[in-house]
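Taking the hints into account, I'd like the entire structure generated from these sequences.
Just so we're aligned: 51 in the numbering used here is position 17 of the sequence shown, and the numbers increase by one with no gaps anywhere.
You may find that some hints are simply not true.
What the hints assert, rightly or not - Straight-line C-alpha distance at most 16 Å; calculated EDC-like pairs for lysine to aspartate or glutamate:
#	residue 1	residue 2
1	252	222
2	268	303
3	299	272
4	347	398
5	299	269
The hints are simulated quantities; they were obtained by calculation from the structure and are not laboratory data.
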Amino acid sequence: MDRTLIRNFCIIAHIDHGKSTLADRLLEVTGLVSGRDRRAQYLDNMELERERGITIKAQTVRLPYTASDGKSYILNLIDTPGHVDFSYEVSRALAACEGAVLVVDAAQGIEAQTLANAYLAVDAGLEIIPVVNKIDLPSADPDGVAEEIEEVIGFDAADVLHVSAKQGIGTHELLEQIVSNVPPPKGDPDAPTRALVFDSWFDPYVGAAMLVRVVDGKLRSGERVRMMAGGLEKEITELNVIDPRPRRVEHLEAGEVGVVIAGVKTLAEVKIGDTLTMTSAPAEEPLVGFQDVKPMVFTGLYPIESDGYEGLKSALEKLQLNDASLVYEPETSDALGFGFRCGFLGFLHAEIVQERLEREYDVDLISTAPTVRYRIVLTSGESKEIESPANLPSAGELHCIEEPVVLATIHVPQEFVGGVLKLCQERRGVQRDMVQHGTRVQVRYDLPLSEIVLDFHDKIKSVTRGYGSFDYELTGYQASDLVKLDVLVNGDPVDALSLIVHREKAYSRGTELTRKLKEFIPRQMYEVAIQAAVGARVIARTTVKALRKNVTSKCYGGDITRKRKLLEKQKAGKRRMKRVGSVEIPQEAFLAALKLEDS
35 MDRTLIRNFC IIAHIDHGKS TLADRLLEVT GLVSGRDRRA QYLDNMELER ERGITIKAQT
95 VRLPYTASDG KSYILNLIDT PGHVDFSYEV SRALAACEGA VLVVDAAQGI EAQTLANAYL
155 AVDAGLEIIP VVNKIDLPSA DPDGVAEEIE EVIGFDAADV LHVSAKQGIG THELLEQIVS
215 NVPPPKGDPD APTRALVFDS WFDPYVGAAM LVRVVDGKLR SGERVRMMAG GLEKEITELN
275 VIDPRPRRVE HLEAGEVGVV IAGVKTLAEV KIGDTLTMTS APAEEPLVGF QDVKPMVFTG
335 LYPIESDGYE GLKSALEKLQ LNDASLVYEP ETSDALGFGF RCGFLGFLHA EIVQERLERE
395 YDVDLISTAP TVRYRIVLTS GESKEIESPA NLPSAGELHC IEEPVVLATI HVPQEFVGGV
455 LKLCQERRGV QRDMVQHGTR VQVRYDLPLS EIVLDFHDKI KSVTRGYGSF DYELTGYQAS
515 DLVKLDVLVN GDPVDALSLI VHREKAYSRG TELTRKLKEF IPRQMYEVAI QAAVGARVIA
575 RTTVKALRKN VTSKCYGGDI TRKRKLLEKQ KAGKRRMKRV GSVEIPQEAF LAALKLEDS
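Structure follows, in structure tokens:
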């Protein structure tokens, strides 16, 4: 294959700006998908992706295209996710490309992830083609948005393509721009083979499938390859290109993107960012890979039935094969038994993983409240990181707690700025700057990560009536006045409900949590005290009233002392029962901790 006729590009954009729809039109225009097979979000294979209308996994496809110069080109397209939680997928896709199509909604303009993805593409050295999509909408302002792109990102407004992915307007012009502007892949076809592994998934029939971009040399079916990071050597049993379904080929040359199947049994043996080389003539230096992804949000996942532990472990192992950004380790809880402490890239990522475990692997789960990774400094001077409130040492050993801080970039129409500033102040934010672009304003805040993981995205959408968007990046750690909030049921701490909160919010969180738990813990034959405590000090309490039998019903009048004697006897019996009884806490009570609102 002539490398000058190959173009590798991806589509990047904010959520709902039309990436997947544009990919659908390109599949049709190049004749890869017929009208009979046409469907929305063609490349999104996961049921969850189709149901939610979002892309979770980056997808790749090989498009044949005959350009106006009469030459036949091969275009390798990678459709990427738009949500901030999946930006790791975007960075991996960019490493396999020379060009990127930056899509901006003609009605909404530049949003937070538009900017974040544009910077990722610039840092990766890609040729960017700016596109204004949805020009068919009644509220569209393509010229205004093109000027905004020029002002904010720096592309000439005259070079911005006007496209309607839904109606197919401008797609031919886009393909011509890709052919003329995106450079052909570099690399030496005669050098020792080097191929970058930028994605992988598990197939129950053939094992781990590796999606690779061949940079130098050639991969051939039947030859042995070595993974340079792990040293594992395997024979290539099958090579595929995806157009749009896997099609078997005998070799992949420099510049091409394809799937390598080499009898690898588990995805644990495949490292994303690894370099494949031929065993017979190995390369000396591996390609520059990817930074290991660091989880930001942690949740405990436990099976509802104690005998479901092995099933959950097996499901997590299989899911990790498809999602390298998921990390987990075993943990135990007095209240919930054996389970796993799982790390995610964000709250949406955690939600998606839990839903996939329940749907695809039929696992019934209880999840604990999400926490972030805190850094603690002990009085001895030693520092370490913890992901669970249960690991927090006693106050006597603790010098200070440091929490992760992010730089949040919020794009919002001018009229909603006040609501956004108020929300950020409530979340302990410190404003960095505010810049106006036409009718939209970009606000940047330093915010504690713990304040945004749960419902910040929803709140932003709420205060801006759906027009606001935000993106964030981790900037470091800072010491804060944080405390451990314990929940006690009849004096016994329930470790799964513990939280690390800011001291100012401890009382409101404790009051709200005890009030919610009272709704879900069923009444017993004795009184159940639900308390929230910071250290030895109880800061909030509610009581679940006991079920009572009317023991005085047979007393018709007469001396009050007889009634009192019966009531005291009943009370003494309930005290004895309380000493030996244990309270069953239903799953809804643990879920209540997730739905805490700031009072």
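Right, here's what the structure says about each hint:
no.: 1; hint: 252 - 222; result: holds, 10 Å
no.: 2; hint: 268 - 303; result: holds, 11 Å
no.: 3; hint: 299 - 272; result: holds, 14 Å
no.: 4; hint: 347 - 398; result: holds, 12 Å
no.: 5; hint: 299 - 269; result: holds, 13 Å
In summary, the structure agrees with every hint in the numbered list given earlier.
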